[in-house]
Amino acid sequence: MAEHQDARIPTVIADDLHIVYRVNGAKTGKGSATAALSRILKRGSDDAARGVRKVHAVRGVSFVAYRGEAIGLIGSNGSGKSTLLRAIAGLLPAEQGKVYTDGQPSLLGVNAALMNDLTGERNVILGGLAMGMSREEIKERYQDIVDFSGINEKGDFITLPMRTYSSGMAARLRFSIAAAKDHDVLMIDEALATGDRKFQKRSEDRIRELRKEAGTVFLVSHNNKSIRDTCNRVLWLERGELRMDGPTDEVLKEYEKFTGK
Amino acid sequence: MSETTHDAPVAVSAPAAPDEGLTARELAEKHGLSVSGARPSLIEYVRQLWGRRHFILAFSQAKLTAQYSQAKLGQLWQVATPLLNAAVYFFIFGLLLEADRGMSRDVYIPFLVTGVFVFTFTQSSVMAGVRAISGNLGLVRALHFPRAALPVSFALQQLQQLLFSMIVLFAVAIGFGHYPDLSWVLIVPVLVLQFCFNTGLALIMARAGAKTPDLAQLMPFVMRTWMYASGVMFSIPIFLADKPAWIANVLQWNPAAIYMDLMRFALIDDYGSQYLPDHVWAVAGGWAVLFAVGGFVYFWKAEERYGRG
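Those sequence lines, one after another, are chains A and B. UniProt numbering puts the first residue of the first sequence at 1, with every later residue one more than the last. UniProt numbering puts the first residue of the second sequence at 1, with every later residue one more than the last.
Rather than coming from a laboratory, the hints here were simulated on the basis of the structure. Some hints could be false.
Unchecked claim - Derived BS3-like pairs: lysine-lysine, alpha-carbon spacing no greater than 25 Å straight-line:
#, chain 1, residue 1, chain 2, residue 2
1, A, Lys181, A, Lys201
2, A, Lys181, B, Lys63
3, A, Lys98, B, Lys211
4, A, Lys139, A, Lys98
5, B, Lys63, A, Lys139
6, A, Lys98, B, Lys63
7, B, Lys63, B, Lys211
8, A, Lys181, A, Lys198
9, B, Lys211, A, Lys54
10, A, Lys98, B, Lys30
11, A, Lys154, A, Lys201
Whenever a hint applies, use it, and build me the whole structure from the sequences.
Have a look at this one:
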């Protein structure tokens, strides 16, 4: 990181960030109508009394990310990694604390905008528009997206509805659409684990390319190898708290000790 | 394993010297960073929404197509569904209950079908609005776009659905001897005004539904009450002739009744202005502007809060 020493420009600053999910009617696990009614009658302004359960997913995380960094996020399942990414992207409102960003960070995830009942072709367009690309940009990149996904290698599948795709094919198309856009701050949530070996290699190359174009890359992964290959800094989250923050090798060494590998 | 507290992570890499000692806020200001997920100004918000117009249109069309993509008859259902709907209402209210008091059959059937279609437009916009945010949390939590795009898109989907229904409606009107004439041009402004009204209502319902998803269970009953009070299958002035005049006036000035009556006035030759309340165009425009502007501002006010679990 020494070469960035004189020109370290922050791109993302998280300041004592807390994220809380609220789940309705999950307090005691009693789903009966009478239980729900008594919860409403108990009322009061207190969330807990009304049976709203709070899940404190991120607890006071602070860090500063700089331009040119590739930051890996590690931690066991449910430690708040994905939640933290969404909060940085401004998609989940913070309960407390703030995230400051340079430009608009984007999450590499377009799955939610796609519809299984539509053809792959229409999904490419819909997904591109959902990510904020213009119609011209999509038209320009359409062929690249289809070629990259390799959907048409086994026949004309792009004109079939997505529900007819195998899970691997659908995942490849989703990744291809998501990776088609250039980003300032890019966040990738376990995207590398899709597709067969050949496609995985192709996606890793694409991610390295995206990293070059993007100011800062965040990568959530359970694959220590892919973190080691792509990241120069690692944030280790455990139970929503930042447990460790530092160069990849040092944090991964501690993490592997912790997980007993 | 012992847990470290949040303010003391093991900092292996020392932060850069020049920015040392600055608080997060000062550092952000120094480098021109902005708060992530903050609500943009109203003008900026309108600009962002306009920038997403292609997405809004594509999303509404996609939703519309996806609806019937598994059916054998496919997109034919776009027209068949409203046709069947009209047939059911005609069977119940026209044949069994004879609600066509004071109207000839040639007027009553187009009257009924117009009412059903126009009201369904508002009704389904409201229902889609309630679920616009709460039913699309995955999308809201994954991608960045002005959230108003969702309710607007759903209202637009219902407008396209109505345009399919209009084909049936035209066929019914012509079938009962009401041929296209100059007054049919009025259909366009009526649709525009009702669409503005519906969009505003969908925006309001979207914010309410995002906070209280239970509304999705409650709204069908509210909508049904509204439907029976708006004279979908009977003429308000004729049915309430022996009641005090203000009741009929209030019911006739409610937005659903206004848009239905205007559409009937445009389509049906014998449905003249004596059936319309006073100042009908002013009221129709007033409802549209009030709800479109009010609903948009109301929705925008909570922009940064959508998507919270």
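Right, here's what the structure says about each hint:
1. A/Lys181 with A/Lys201: Judged against 25 Å, a Cα distance of about 19 Å means the pair holds.
2. A/Lys181 with B/Lys63: 24 Å, holds
3. A/Lys98 with B/Lys211: 22 Å, holds
4. A/Lys139 with A/Lys98: Answer violated: lysine 139 of chain A to lysine 98 of chain A is near 38 Å, above 25 Å.
5. B/Lys63 with A/Lys139: 21 Å, holds
6. A/Lys98 with B/Lys63: 35 Å, violated
7. B/Lys63 with B/Lys211: 24 Å, holds
8. A/Lys181 with A/Lys198: 22 Å, holds
9. B/Lys211 with A/Lys54: 15 Å, holds
10. A/Lys98 with B/Lys30: Between lysine 98 of chain A and lysine 30 of chain B the Cα gap is close to 16 Å, so the pair holds against 25 Å.
11. A/Lys154 with A/Lys201: Holds: lysine 154 of chain A and lysine 201 of chain A sit about 19 Å apart, inside 25 Å.
Checked against the numbered hints listed earlier, the structure breaks hints 4, 6; every other hint is satisfied.
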